[in-house]
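Q: So you can see what is in the structure, the chains are spelled out below.
There are 4 protein chains.
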Amino acid sequence: MALVSKDTQVFSHQTRVYVEDTDAGGIVFYANYLKYMERARTEFLRSLGYDKPALFDGLQFVVRRVELVYQKPAVLDDVLDISAHLIKLSKASFDMQQNISRDGDLLVDAKVKIACISNDAKRPQAMPADIHETLKNYVC
Amino acid sequence: MALVSKDTQVFSHQTRVYVEDTDAGGIVFYANYLKYMERARTEFLRSLGYDKPALFDGLQFVVRRVELVYQKPAVLDDVLDISAHLIKLSKASFDMQQNISRDGDLLVDAKVKIACISNDAKRPQAMPADIHETLKNYVC
Amino acid sequence: MALVSKDTQVFSHQTRVYVEDTDAGGIVFYANYLKYMERARTEFLRSLGYDKPALFDGLQFVVRRVELVYQKPAVLDDVLDISAHLIKLSKASFDMQQNISRDGDLLVDAKVKIACISNDAKRPQAMPADIHETLKNYVC
Amino acid sequence: MALVSKDTQVFSHQTRVYVEDTDAGGIVFYANYLKYMERARTEFLRSLGYDKPALFDGLQFVVRRVELVYQKPAVLDDVLDISAHLIKLSKASFDMQQNISRDGDLLVDAKVKIACISNDAKRPQAMPADIHETLKNYVC
Numbered sequence: 050m051a052l053v054s055k056d057t058q059v060f061s062h063q064t065r066v067y068v069e070d071t072d073a074g075g076i077v078f079y080a081n082y083l084k085y086m087e088r089a090r091t092e093f094l095r096s097l098g099y100d101k102p103a104l105f106d107g108l109q110f111v112v113r114r115v116e117l118v119y120q121k122p123a124v125l126d127d128v129l130d131i132s133a134h135l136i137k138l139s140k141a142s143f144d145m146q147q148n149i150s151r152d153g154d155l156l157v158d159a160k161v162k163i164a165c166i167s168n169d170a171k172r173p174q175a176m177p178a179d180i181h182e183t184l185k186n187y188v189c
Numbered sequence: 050m051a052l053v054s055k056d057t058q059v060f061s062h063q064t065r066v067y068v069e070d071t072d073a074g075g076i077v078f079y080a081n082y083l084k085y086m087e088r089a090r091t092e093f094l095r096s097l098g099y100d101k102p103a104l105f106d107g108l109q110f111v112v113r114r115v116e117l118v119y120q121k122p123a124v125l126d127d128v129l130d131i132s133a134h135l136i137k138l139s140k141a142s143f144d145m146q147q148n149i150s151r152d153g154d155l156l157v158d159a160k161v162k163i164a165c166i167s168n169d170a171k172r173p174q175a176m177p178a179d180i181h182e183t184l185k186n187y188v189c
Numbered sequence: 050m051a052l053v054s055k056d057t058q059v060f061s062h063q064t065r066v067y068v069e070d071t072d073a074g075g076i077v078f079y080a081n082y083l084k085y086m087e088r089a090r091t092e093f094l095r096s097l098g099y100d101k102p103a104l105f106d107g108l109q110f111v112v113r114r115v116e117l118v119y120q121k122p123a124v125l126d127d128v129l130d131i132s133a134h135l136i137k138l139s140k141a142s143f144d145m146q147q148n149i150s151r152d153g154d155l156l157v158d159a160k161v162k163i164a165c166i167s168n169d170a171k172r173p174q175a176m177p178a179d180i181h182e183t184l185k186n187y188v189c
Numbered sequence: 050m051a052l053v054s055k056d057t058q059v060f061s062h063q064t065r066v067y068v069e070d071t072d073a074g075g076i077v078f079y080a081n082y083l084k085y086m087e088r089a090r091t092e093f094l095r096s097l098g099y100d101k102p103a104l105f106d107g108l109q110f111v112v113r114r115v116e117l118v119y120q121k122p123a124v125l126d127d128v129l130d131i132s133a134h135l136i137k138l139s140k141a142s143f144d145m146q147q148n149i150s151r152d153g154d155l156l157v158d159a160k161v162k163i164a165c166i167s168n169d170a171k172r173p174q175a176m177p178a179d180i181h182e183t184l185k186n187y188v189c
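Residue numbers (the working numbering), protein chains in the order written: chain A, 50 to 189; chain B, 50 to 189; chain C, 50 to 189; chain D, 50 to 189.
Looking at chain A on its own, in the form it has when it is part of the complex:
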């Protein structure tokens, strides 16, 4: 389901397009690509040893910013590759490049900023030191 190319350190997750994802235009509904991207980010963090990464102790990762360019539509039954490539890391946030492609053909090109916030006050917080240390090895 997922692989990390050690050379490029670009993590990739595979997912199938089901009926639930499509719309009456016969293509994947534009919001649903963000679901695929969240799945890939979750699997990237799981591959580093972090389960339930979106909801850890007293803190949570939330999406702060998303930029998507829709190049070509995905359709029912497609098998999609969603990358999760760490391009920037700071104490309380990180940026990812996420491309969605089908057989090497780029469909969606996205940048996502993730911030760490406290569960209670919903204010920016430094992420746990061990996650920060681990992520450092994957920035490129």
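A few of these clues could be false.
When chains are identical, the list treats them as one kind, so a pair holds in a single copy or across two.
Keeping only pairs whose Cα atoms sit at most 20 Å apart, straight-line, the calculated EDC-like set for lysine to aspartate or glutamate is [stated by the list, open to error]:
hint, residue 1, residue 2
1, K162, E116
2, K137, D154
3, K101, E69
4, K121, E69
5, K185, D158
6, K121, D144
7, K171, D152
8, K140, D126
9, K121, D154
10, K137, E116
11, K162, D144
12, K101, D126
13, K121, D169
Think of the hints as simulated: they come from the structure by calculation, not from any bench.
Starting from the structure of chain A, add chains B, C and D where the hints point.
A: Okay, now just chains B, C and D, sitting in the frame of chain A:
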């Protein structure tokens, strides 16, 4: 958006079908009718004075059982009426009949059992007495 | 991702619970189990050689009836097994038993009736003979 | 449900947050704001006399680009205002500014580019002349 016919005490909520609800078959995806039904149940409870009814103090209402018959499909742009009709009430659960129709034409016919459980142990619990008292007036 | 036990001929599909599937109650939203069930039915038909089975030439399979009993909730990060077990077959419809379980523990127990209809008139139609012949081998 | 302020010509659509929209973090799942934005764009076009605007004859409008900044999260039961403000118009596309706010408090700030394409070839096409003429009156 909602009305209660005092004679029949059948609550009804209206909703529009948007692109998000449809699928590549050109109709509303079968799971999405359950979203409409939850909206109608929420608005029914709100009409009785209960906000955020699904998540009240220490307890929550969860769906225990659903039976749906899909008679005819809804399509993009339809305005749907979703009823929420209380047909049975006990200490820790209640049953609703929920019909989804378009211009008086029945599309989906459903029965839903809702149970009250504790947030922690996820075990059946008697619902708060005031909710039980209020609901009693709406069983028919 | 999927296996058919030849003895029991019960097809099973595995899926992960992601953030998109959960709700503010901390559990999988009740409508989303129907998405998992559709994925399993699609993979069952794919395993028999039928791609895009929901949308074949001039005809489509639609869900006619669903009965679900929610026994226990699934939560974030769960890996779920969804069965697709053909229990009845007629010319224009078939019935499936679909159980959703986690590590052998039953969470949701469902029966689903699927009907074949024409794309245009949305009327019941006999399903293609080859699909009917193939499905016959899997009823039990 | 919707109003156009004639002075500013900023269309606004109201929607409620239901359980279906939330996630285990207790907030609206980040992809679901795109559903709200599509509802507001659809109602904007409907207010101009165009029904089913996403799927008109031989052509369709598709989203080409989205930029979102998530300022603050929406939660269960919130009533949200989603604006649909036309900021740029060309022959085959238009740009909208869409803000999501709660009681005047900005939660999400988004820019969306919509392109007109042919249903068959999925290639850029000039939009119908009457839609272009109508939209011209709303650019600001």
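Q: Compare the structure with each hint and give your call.
A: Hints, one by one, checked against the model:
| no. | hint | verdict |
| --- | --- | --- |
| 1 | K162 - E116 | both (9 Å within a copy, 12 Å between copies) |
| 2 | K137 - D154 | neither (25 Å within a copy, 30 Å between copies) |
| 3 | K101 - E69 | between (24 Å within a copy, 13 Å between copies) |
| 4 | K121 - E69 | both (19 Å within a copy, 19 Å between copies) |
| 5 | K185 - D158 | neither (23 Å within a copy, 30 Å between copies) |
| 6 | K121 - D144 | between (24 Å within a copy, 19 Å between copies) |
| 7 | K171 - D152 | between (40 Å within a copy, 19 Å between copies) |
| 8 | K140 - D126 | neither (40 Å within a copy, 26 Å between copies) |
| 9 | K121 - D154 | within (9 Å within a copy, 35 Å between copies) |
| 10 | K137 - E116 | both (15 Å within a copy, 19 Å between copies) |
| 11 | K162 - D144 | within (4 Å within a copy, 23 Å between copies) |
| 12 | K101 - D126 | between (28 Å within a copy, 6 Å between copies) |
| 13 | K121 - D169 | between (40 Å within a copy, 13 Å between copies) |
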